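Protein chains: 2
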Amino acid sequence: MQNAEIFELRAIGRVESPLRSLDAAPRQADEGAPEAWLIFDEDVRDALGSVRVGTELILLTWLDRAQRDVLVVHPRGDVTRPPEGVFTTRSPHRPNPVGLHRVRVIAVDGLRIRVDHLEALDGTPIVDLKPVLDEDISAR
Amino acid sequence: MQNAEIFELRAIGRVESPLRSLDAAPRQADEGAPEAWLIFDEDVRDALGSVRVGTELILLTWLDRAQRDVLVVHPRGDVTRPPEGVFTTRSPHRPNPVGLHRVRVIAVDGLRIRVDHLEALDGTPIVDLKPVLDEDISAR
Numbered sequence: 001m002q003n004a005e006i007f008e009l010r011a012i013g014r015v016e017s018p019l020r021s022l023d024a025a026p027r028q029a030d031e032g033a034p035e036a037w038l039i040f041d042e043d044v045r046d047a048l049g050s051v052r053v054g055t056e057l058i059l060l061t062w063l064d065r066a067q068r069d070v071l072v073v074h075p076r077g078d079v080t081r082p083p084e085g086v087f088t089t090r091s092p093h094r095p096n097p098v099g100l101h102r103v104r105v106i107a108v109d110g111l112r113i114r115v116d117h118l119e120a121l122d123g124t125p126i127v128d129l130k131p132v133l134d135e136d137i138s139a140r
Numbered sequence: 001m002q003n004a005e006i007f008e009l010r011a012i013g014r015v016e017s018p019l020r021s022l023d024a025a026p027r028q029a030d031e032g033a034p035e036a037w038l039i040f041d042e043d044v045r046d047a048l049g050s051v052r053v054g055t056e057l058i059l060l061t062w063l064d065r066a067q068r069d070v071l072v073v074h075p076r077g078d079v080t081r082p083p084e085g086v087f088t089t090r091s092p093h094r095p096n097p098v099g100l101h102r103v104r105v106i107a108v109d110g111l112r113i114r115v116d117h118l119e120a121l122d123g124t125p126i127v128d129l130k131p132v133l134d135e136d137i138s139a140r
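Residue numbers (my numbering), protein chains in the order written: chain G, 1 to 140; chain B, 1 to 140.
Okay, chain G solo, but in the shape it has when bound:
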């Protein structure tokens, strides 16, 4: 490896969801993913201070059940589709399995934030939360 540098990502909370297995999980959030709670750790309470109902956020998770040595997949697991490099797919299997999820806040209860739909499994570690910016979503 040219860059063997390793960074330490730490869980700052967990997803609480009815989704318990990879088989049950939709591939994308807009394909019937359920509401979920984001349960944050006490030590990041102050970072959450401005999250309100209606806020749109980008949630980053650590897809802890993914395989990190997979570089090529059939998109959406469909073997009739030609294999593709993982960087042009949303496969959870990739060198650094960080999940990216656009969510809307529907309830806030202290360290617990409820979001409208999330395709991450129950227990998935949370690593970051960011606002959605215009430049993220505007047409180019």
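If you're looking for bench data, these hints aren't it; they were derived computationally from the structure.
Honestly, I wouldn't trust all of these hints.
[Claimed, not checked] Computed beta-carbon distance windows for the label pairs:
hint : chain 1 : residue 1 : chain 2 : residue 2 : range
1    : B       : H74       : G       : E56       : 19 to 25 Å
2    : G       : L111      : B       : E135      : 25 to 31 Å
3    : B       : D43       : G       : D64       : 18 to 24 Å
4    : G       : H74       : B       : P83       : 46 to 52 Å
5    : B       : R81       : G       : R45       : 16 to 22 Å
[To be verified] Output of the computed footprint for chain B on chain G, the stretches with three or more beta carbons under 8 Å from beta carbons of chain B:
hint : segment
6    : 16 to 25
7    : 63 to 72
8    : 86 to 92
9    : 103 to 110
10   : 130 to 136
If you're wondering where the values come from, they're calculated on a predicted model, not measured in any experiment.
Glycine included, C-beta positions come from ideal geometry on N, C-alpha and C.
Once you've looked at the hints, dock chain B against the given chain G.
Frame of chain G; chain B shown alone:
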């Protein structure tokens, strides 16, 4: 800490950019950020296979010059604005300083990918690359 769990993120490449200092960097990509090269490691070559000129991607970086113990900031560093929890800002300073950048590919040369504008500093480690999905950018 409730969740002391740590995950190992590894650099899979580096940003090559004329931006050399935090003072020079625009706060957002749409505020005059320059073109940049993404230089990937040999061992992720296969994951890049389907990246083409014109592809829109979400680049995740590790903002290695950020402070991880900052939970509250003045948005955009403007002290006249009330302090806000970092999870509703794009401050690089946050518990897990993962940078999120929407970019468009303007050239591909093997392991080197040129993107249209990027506010990350020269040398910033790359950790992931994902396609932009409709659900990421559609109005809600």
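Hint-by-hint comparison with the structure:
1. B:H74 to G:E56: 19 to 25 Å: Check passed, 22 Å falls within 19 to 25 Å.
2. G:L111 to B:E135: 25 to 31 Å: holds, 27 Å
3. B:D43 to G:D64: 18 to 24 Å: The hint (18 to 24 Å, Cβ to Cβ) holds, given that D43 of chain B and D64 of chain G are roughly 22 Å apart.
4. G:H74 to B:P83: 46 to 52 Å: Holds: the Cβ-Cβ distance is about 47 Å, inside 46 to 52 Å.
5. B:R81 to G:R45: 16 to 22 Å: holds, 21 Å
6. 16 to 25: violated (count 0)
7. 63 to 72: holds (count 3)
8. 86 to 92: Coverage by chain B holds here, the residue count being 5 at a Cβ distance below 8 Å.
9. 103 to 110: Coverage by chain B is violated for the segment 103 to 110 of chain G (1 residues, Cβ < 8 Å).
10. 130 to 136: As far as the segment 130 to 136 of chain G goes, the hint holds, because 6 residues have Cβ atoms under 8 Å from chain B.
The earlier numbered hints that this structure contradicts are 6, 9.
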